[in-house]
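**Student:** Could you slot chain B onto chain A? The hints should help.
Number of protein chains: 2
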Amino acid sequence: MTFELTVLGSSSALPTSTKYPAAHVLNVHERFFLIDCGEGTQIQLRKARFRFGRINHIFISHLHGDHVFGLPGLLSSFDLLGRKTPLHLYGPPDLQIMLDFYLRNFAVEPEYQIILHPVSEPHYHKIFEDKVLEIYAFPLEHRIPTLGYHFVEKQRPLNIRKDRIEKYNLSIKQIVRAKMGEAVTLDNGQVISNAELTEIPYRRRSFAYCSDTAFCRKNASLIRPVDLLYHEATFLEEDYILAKKTGHSTAAQAGRFAIAAQAGQLVIGHFSNRYKDTGLFLKEAAEVFPDTREAVELQTYRIDLQKEPRSS
Amino acid sequence: MTFELTVLGSSSALPTSTKYPAAHVLNVHERFFLIDCGEGTQIQLRKARFRFGRINHIFISHLHGDHVFGLPGLLSSFDLLGRKTPLHLYGPPDLQIMLDFYLRNFAVEPEYQIILHPVSEPHYHKIFEDKVLEIYAFPLEHRIPTLGYHFVEKQRPLNIRKDRIEKYNLSIKQIVRAKMGEAVTLDNGQVISNAELTEIPYRRRSFAYCSDTAFCRKNASLIRPVDLLYHEATFLEEDYILAKKTGHSTAAQAGRFAIAAQAGQLVIGHFSNRYKDTGLFLKEAAEVFPDTREAVELQTYRIDLQKEPRSS
Chain A
1 MTFELTVLGS SSALPTSTKY PAAHVLNVHE RFFLIDCGEG TQIQLRKARF RFGRINHIFI
61 SHLHGDHVFG LPGLLSSFDL LGRKTPLHLY GPPDLQIMLD FYLRNFAVEP EYQIILHPVS
121 EPHYHKIFED KVLEIYAFPL EHRIPTLGYH FVEKQRPLNI RKDRIEKYNL SIKQIVRAKM
181 GEAVTLDNGQ VISNAELTEI PYRRRSFAYC SDTAFCRKNA SLIRPVDLLY HEATFLEEDY
241 ILAKKTGHST AAQAGRFAIA AQAGQLVIGH FSNRYKDTGL FLKEAAEVFP DTREAVELQT
301 YRIDLQKEPR SS
Chain B
313 MTFELTVLGS SSALPTSTKY PAAHVLNVHE RFFLIDCGEG TQIQLRKARF RFGRINHIFI
373 SHLHGDHVFG LPGLLSSFDL LGRKTPLHLY GPPDLQIMLD FYLRNFAVEP EYQIILHPVS
433 EPHYHKIFED KVLEIYAFPL EHRIPTLGYH FVEKQRPLNI RKDRIEKYNL SIKQIVRAKM
493 GEAVTLDNGQ VISNAELTEI PYRRRSFAYC SDTAFCRKNA SLIRPVDLLY HEATFLEEDY
553 ILAKKTGHST AAQAGRFAIA AQAGQLVIGH FSNRYKDTGL FLKEAAEVFP DTREAVELQT
613 YRIDLQKEPR SS
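Residue numbers (my numbering), protein chains in the order written: chain A, 1 to 312; chain B, 313 to 624.
Be careful, since some hints might not be right.
What the hints assert, rightly or not - Simulated pairs of lysine-lysine, BS3-like, Cα-Cα distance not exceeding 30 Å: (1) A:K276 <-> B:K359; (2) B:K331 <-> A:K276; (3) B:K588 <-> A:K47; (4) A:K244 <-> B:K396.
Claimed, not checked - Stretches of chain A that chain B covers, calculated by requiring three or more beta carbons in the stretch to come under 8 Å of a beta carbon on chain B: (5) 71-83; (6) 101-107; (7) 216-228.
Hints are computed from structural coordinates only; laboratory data are not their basis.
Since the structure is predicted, the reported quantities are computational estimates derived from the model, not experimental observations.
Note that the Cβ used here is the ideal one computed from N, Cα and C, for glycine as well.
Chain A on its own, in the form it takes in the complex (with noise of 0.2 Å):
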């Protein structure tokens, strides 16, 4: 039951040599998520060796080149390997424009169709669910329309307590009840409550996406708590006014925003390449919020199962 992130890019709009524009995998339970499409995106998925037919979902924060870039490279090489599986695209409605131009003029007639969700609701809302996910979209604060995506792992249903079955001898009848959550009424007219029988089974997980973006603490109040949560961070505190101008954060901002938001791990990433040490952007976050990692191509960060503490 993975529940991880791989960063693909960490840059911002200036690539390097080294760094790419924003690309992202979550991988919910096998399930895998691109979250943005930078230059170069299909190139890296091969680097961390994930299979192309894997991915269903392509998530878009917003239109800026170095999130959407490499969309219609990889959707031409989703229809070169013979892809059949429909492919959902989610983003801003002007997605359907560039959508439009690449189907237009790029794709001779691809065999796999490509679904586009626009997200216009300009609240937090839920924009897709499965047996094991719910994800939501919220608005962001950049200069033009863009969202941020919150991920969240579904409860999975309680466990029965072995044990248990054997001191009361439940019937198949009871232990259906209670892994729906009930009490249990013994044949000898007892009671027992569902605490004592069942177990949460773990924690859900929860991931959080927010890029780019200026610092909004109101969005923190959205996602919280959230285990794992991305926010990018493309200047330094001593460049706050550029930041604040250009709707970006700070990496000191990003800090502040992973308090709000309660966050268990941060990582921060879309790195402005006019600092030579990315490094920097670590050091500024992780005085403000210690439990920070630098986004780094092609590394993953980790959301482990946890038990959840039982509230009896």
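**Tutor:** Below, chain B without anything else, positioned relative to chain A:
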């Protein structure tokens, strides 16, 4: 007086973790010409340590994604780097559609001018000339309008032989005449042939780019003889029918084209990744044309200066 080709991408439509789509830089006397611009070109340019500001001319062969998907990112980066120098873009007329899409949706008033030179004449013709170089375009045989490019160094001015200046006690006026290719009449009435007074400094060098294309013998006559030939070799001869069907060449055909074009050296590239070993392309082409080299990312293929044998 450099004349060399650097390969940035050797792959055909499906890049891998190490093989990028088509992009090449031709350096002629420190003028840098970018030829095709597949996804990731700007990253490869960085790796090869080319300065972005030195690239003022980009030549696009055709509008298949693996030859142009790197263009929007590169144009954006030029702008972010504060470029002011105009950029000249050469390619099929429909390149305008791609440029318009980029300018309308992704470029917030770029500070440099992008000058598109649509190449529509369906025959070999000159599209560029400066002090040291002429560039010609000609149609290739592919599924959509596709251009080959032929770069021809200009003949450098004649060198006057110092020993002859002394021997004939030549005046400045006489030296100027000799450098212009004229015979010189001495004060005593003796006529000295130009060949005795001067020597051609170096043979003019040439490079031709033929990708993507089916084998086309008549094009070889347009560029003959050519010092360095880049010719695509998407397939092996065992897939001859597939090559023909898709408007591509086999490695053996690239070799045959090199013979017909009297090439000094052949570089093959645009490899399909259906074959696991690119050495097979080299083997097949070199059996036909021994002076064949395999296109490898970030490798440079140089044409050295050569004294031309004087025809007296």
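**Student:** All hints are to be evaluated individually against the structure, with a verdict given for each.
**Tutor:** Comparing the hints with the structure gives:
1. A:K276 <-> B:K359: 16 Å, holds
2. B:K331 <-> A:K276: This hinted pair holds, its Cα atoms lying about 28 Å apart.
3. B:K588 <-> A:K47: OK: B:K588 and A:K47 at ~16 Å, within 30 Å.
4. A:K244 <-> B:K396: Judged against 30 Å, a Cα distance of about 26 Å means the pair holds.
5. 71-83: holds (count 6)
6. 101-107: Contact hint for the segment 101-107 of chain A vs chain B: holds, 3 residues under 8 Å.
7. 216-228: violated (count 0)
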